[in-house]
Amino acid sequence: LRRDIITVLTSQATNTSNDAVVSTTEIASDDDIHLSSAFIRMSFFCSIRPSECQDRIETTTNIDWIRKAATALESVKLSHPHVSYLDLYTYAGLVALMHEGGPYIPYSFGKRGTTIES
Numbered sequence: 024l025r026r027d028i029i030t031v032l033t034s035q036a037t038n039t040s041n042d043a044v045v046s047t048t049e050i051a052s053d054d055d056i057h058l059s060s061a062f063i064r065m066s067f068f069c070s071i072r073p074s075e076c077q078d079r080i081e082t083t084t085n086i087d088w089i090r091k092a093a094t095a096l097e098s099v100k101l102s103h104p105h106v107s108y109l110d111l112y113t114y115a116g117l118v119a120l121m122h123e124g125g126p127y128i129p130y131s132f133g134k135r136g137t138t139i140e141s
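The C-terminal position of the sequence shown is numbered 141 in the numbering used here, with every residue numbered one higher than the one before it.
Just so you know, these hints were derived from the structure itself, not from any lab.
Each computed SDA-like pair below joins lysine to any residue, with the alpha-carbon atoms no more than 20 Å apart: (1) LYS91 <-> THR30; (2) LYS91 <-> ARG25; (3) LYS91 <-> GLN77; (4) LYS91 <-> ILE29; (5) LYS100 <-> LEU32; (6) LYS91 <-> ARG64; (7) LYS100 <-> SER131.
Here are the computed distance ranges between Cβ atoms for each label pair: (8) PRO129 <-> THR82: 24 to 34 Å; (9) SER74 <-> SER34: 23 to 33 Å; (10) TYR127 <-> THR82: 28 to 38 Å; (11) GLY124 <-> THR82: 28 to 38 Å.
Because the structure is a prediction, the values reported are computed rather than measured.
Quick reminder that beta carbons are idealized off the backbone N, C-alpha and C, glycines included.
Using the sequences and the hints given, assemble the complete structure.
Set out below in structure tokens:
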């Protein structure tokens, strides 16, 4: 799971329609936030409001960084269907933080007290 998230953070996607190379570590939005920063922000929100996490992500398609971060993690979710979205979003933030040079932080899967399921 960690490797798949790091792959998303470090990969580049080629847009063949206009031969442009687009880095998936950057998100074109008003504040030009990096994908790792989007994962960290999403993780923080899901940590403090787990019962609202999935609904908020699904209904805030007008906030570019949330939509693109959730879309980027969808391939990871497909590879790991046993992991809940809540665990995926919070763990992706932790992996992004460590990937950006932050400290190692232990993590326990199986968040409780929420209806967010696989």
